[in-house]
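Asker: When you get a sec, could you build the whole thing from the sequences and use the hints?
Those sequence lines, one after another, are chains A and B.
Residues in the first sequence are numbered from 271 upward in steps of one, following this note's numbering.
Residues in the second sequence are numbered from 271 upward in steps of one, following this note's numbering.
The set of hints was computed from the structure by calculation and includes no laboratory data.
What you were told as hints is all true, and nothing was included just to trick you.
Which copy is meant is left open, so a pair is good if it fits within one copy or across any two.
Pairs of lysine to any residue, SDA-like flavour, derived with a Cα cap of 25 Å:
1. Lys585 - Arg554
2. Lys585 - Phe382
3. Lys437 - Val483
4. Lys437 - Gly282
5. Lys434 - Gly592
6. Lys585 - Ala450
7. Lys585 - Cys378
8. Lys585 - Arg284
9. Lys585 - Ser459
10. Lys437 - Glu329
11. Lys585 - Thr553
12. Lys434 - Ala367
13. Lys434 - Trp590
14. Lys434 - Arg588
15. Lys585 - Ala312
16. Lys434 - Ala486
17. Lys437 - Gly377
Number of protein chains: 2
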Amino acid sequence: MTDPFVIEITRGARVESRHRGAVAVVDAAGRPVFSRGDLEAAIFPRSAVKIFQAIPLVESGAADAYGFGERELSLACASHSGEDGHVALAGDMLARAGLEEGALECGCHWPFDLPVALDLARRGGAPRPLGNNCSGKHAGFLCTAVHLGEATAGYVEAGHAVQKRVKGVIEALARTRLDADSCGTDGCSIATYAAPLAAFARGFASLASGEGVEPARAEAGRRLMAACMAEPWDMSGTGRACAALMQAAPGRVFAKTGAEGVFCGTVPELGLGFALKVEDGATRASEAGVAATLAAILRDHDPALSERYDALSRKTMRNWEGRETGEIRPTGF
Amino acid sequence: MTDPFVIEITRGARVESRHRGAVAVVDAAGRPVFSRGDLEAAIFPRSAVKIFQAIPLVESGAADAYGFGERELSLACASHSGEDGHVALAGDMLARAGLEEGALECGCHWPFDLPVALDLARRGGAPRPLGNNCSGKHAGFLCTAVHLGEATAGYVEAGHAVQKRVKGVIEALARTRLDADSCGTDGCSIATYAAPLAAFARGFASLASGEGVEPARAEAGRRLMAACMAEPWDMSGTGRACAALMQAAPGRVFAKTGAEGVFCGTVPELGLGFALKVEDGATRASEAGVAATLAAILRDHDPALSERYDALSRKTMRNWEGRETGEIRPTGF
Chain A
271 MTDPFVIEIT RGARVESRHR GAVAVVDAAG RPVFSRGDLE AAIFPRSAVK IFQAIPLVES
331 GAADAYGFGE RELSLACASH SGEDGHVALA GDMLARAGLE EGALECGCHW PFDLPVALDL
391 ARRGGAPRPL GNNCSGKHAG FLCTAVHLGE ATAGYVEAGH AVQKRVKGVI EALARTRLDA
451 DSCGTDGCSI ATYAAPLAAF ARGFASLASG EGVEPARAEA GRRLMAACMA EPWDMSGTGR
511 ACAALMQAAP GRVFAKTGAE GVFCGTVPEL GLGFALKVED GATRASEAGV AATLAAILRD
571 HDPALSERYD ALSRKTMRNW EGRETGEIRP TGF
Chain B
271 MTDPFVIEIT RGARVESRHR GAVAVVDAAG RPVFSRGDLE AAIFPRSAVK IFQAIPLVES
331 GAADAYGFGE RELSLACASH SGEDGHVALA GDMLARAGLE EGALECGCHW PFDLPVALDL
391 ARRGGAPRPL GNNCSGKHAG FLCTAVHLGE ATAGYVEAGH AVQKRVKGVI EALARTRLDA
451 DSCGTDGCSI ATYAAPLAAF ARGFASLASG EGVEPARAEA GRRLMAACMA EPWDMSGTGR
511 ACAALMQAAP GRVFAKTGAE GVFCGTVPEL GLGFALKVED GATRASEAGV AATLAAILRD
571 HDPALSERYD ALSRKTMRNW EGRETGEIRP TGF
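Answerer: Right, here's the structure in full:
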């Protein structure tokens with residue numbers, strides 16, 4: 271266990287706030303090639319493993335049966351911003367399986383992104399299940415259930431076949447057992463299981479390399495990753511970090527955020543997977559930390575790309591009048 | 271230096287995220303009666319010292335000249351939510367000095383409280399300087415300048431008489447020197463100076479007890495504190511933590527939040543001042559931490575009140591469907 275990385279928030283010449291975090295970058299055999307902090311600490315991966323959760327949609331044949339292309343597959347892995355295009359596409363996915371919005375059991379919330387929420391309010395709109403950041407994932411769950419002839423009601427419960435399949439995929443990819451003690455309820459009501467950071471990183475390395483993964487699953491994972499990298503907006507939204515991280519190296523880096531300061535992803539050409547958790551759960555720090563991690567692991571391999579990630583890891587902070595107040599800067603990488 | 275306090279965010283049976291923080295509770299002589307973490311670490315107090323910044327408004331005679339009552343004095347110490355009542359009152363304060371909204375140099379932002387921002391958007395509104403959370407403080411600055419015959423333009427600059435007076439008050443109360451090295455720019459464009467946590471706590475103890483403070487200043491401080499405790503909504507807004515903390519013990523506790531995880535305040539009947547900073551800047555943790563601090567220092571003095579603060583320090587967290595997911599709980603108090 272090494273020291274954590276630290277994301278500093280400065281004001282004037284001083285550090286005002288500090289975020290500590292851990293990150294594991296491993297190969298498909300689970301060997302760490304870069305790490306900071308405690309890799310064995312159990313973390314809840316939250317939405318950062320949505321791509322694992324979407325694998326049954328492809329493996330089951332549902333995605334093909336309903337004619338899903340890259341946009342739909344990307345949305346099935348998304349924590350989207352609830353913009354009009356996301357809402358429409360999630361509704362279309364449900365419609366292909368003969369379902370309506372009422373089938374969703376994810377609940378609803380105002381879009382997390384303030385401009386999107388304000389725009390919705392301005393138009394007299396209100397939160398709806400299709401606008402939930404997880405609606406694409408839930409549409410994927412429902413389509414899989416319908417395709418396999420399963421009941422759709424209660425698909426969010428841990429005992430439903432949909433969730434059992436998802437749990438099985440995560441256990442197999444991360445090579446870890448997820449038990450009741452490590453189970454929590456996620457924002458969208460499905461189960462989320464805590465496991466070591468290194469285990470999730472290994473799951474992503476396996477997905478990226480295909481090593482030790484049965485061919486159909488490896489193919490499903492590759493297809494989902496390719497879809498997200500090709501259509502990053504569907505997986506995130508306007509101005510979002512996941513999109514910026516993937517657009518910096520089109521088709522070469524997959525990165526997905528999760529609530530409470532988590533980020534997971536892969537650099538397929540290096541055969542590496544990564545998992546990152548900021549101790550205090552801050553998104554501003556996980557976004558800086560994941561960019562700094564990518565800069566570090568790409569430094570020798572592709573210096574120019576490494577510099578692009580280094581630039582993404584730093585941010586000048588300004589106040590309401592546009593005056594510079596400080597910066598976000600990663601240390602310990 | 272003792273261990274920091276820790277605010278845990280749980281999910282299921284596990285801790286998902288952790289916030290570390292430091293808190294100093296001292297008497298007017300600067301003697302710590304309760305502390306966690308590093309009391310000598312310099313922190314930016316941000317808006318938590320707005321009551322210090324409002325002292326010249328009263329000391330100068332401007333508050334009386336313009337007929338300001340408790341609501342106006344509370345707003346002059348506020349980080350308000352930008353609700354209609356706040357906007358109107360700030361505008362009224364300016365009008366009494368013959369000024370208009372355009373005199374404000376604080377910039378503008380959408381209200382931080384989502385329901386208030388959404389309501390504004392729904393009505394076709396937009397951010398305006400009077401809705402800036404600091405508009406009451408800035409109205410106080412401007413009224414003081416007009417009353418003293420000073421130029422109003424540039425009142426946010428460190429070299430302007432308004433800001434020099436504010437700096438002098440903070441230096442005198444906190445018994446510390448604020449130099450250029452410790453200077454940062456705040457969200458509303460005025461200077462904010464870093465100083466040890468214990469120094470700010472002592473400043474609040476001095477304000478609460480009047481010990482070692484010249485009588486006119488002590489009286490100004492008492493009047494501002496009384497105004498905030500009498501009109502907590504003007505100092506904060508609907509559903510805000512500052513209001514809840516003060517309403518739990520009407521007229522007996524003063525507490526004010528600052529950006530990046532700061533809280534300062536006093537328990538006048540104990541002659542104590544406090545200052546708290548969460549390392550990572552999280553508001554959810556500073557709110558839990560200040561309530562836990564009040565519970566700790568009131569435990570022997572008033573067990574029933576201590577229990578009310580203990581209850582305020584814990585919070586059950588629920589997801590979009592209302593399912594319980596975990597809790598916010600302070601440890602190390």
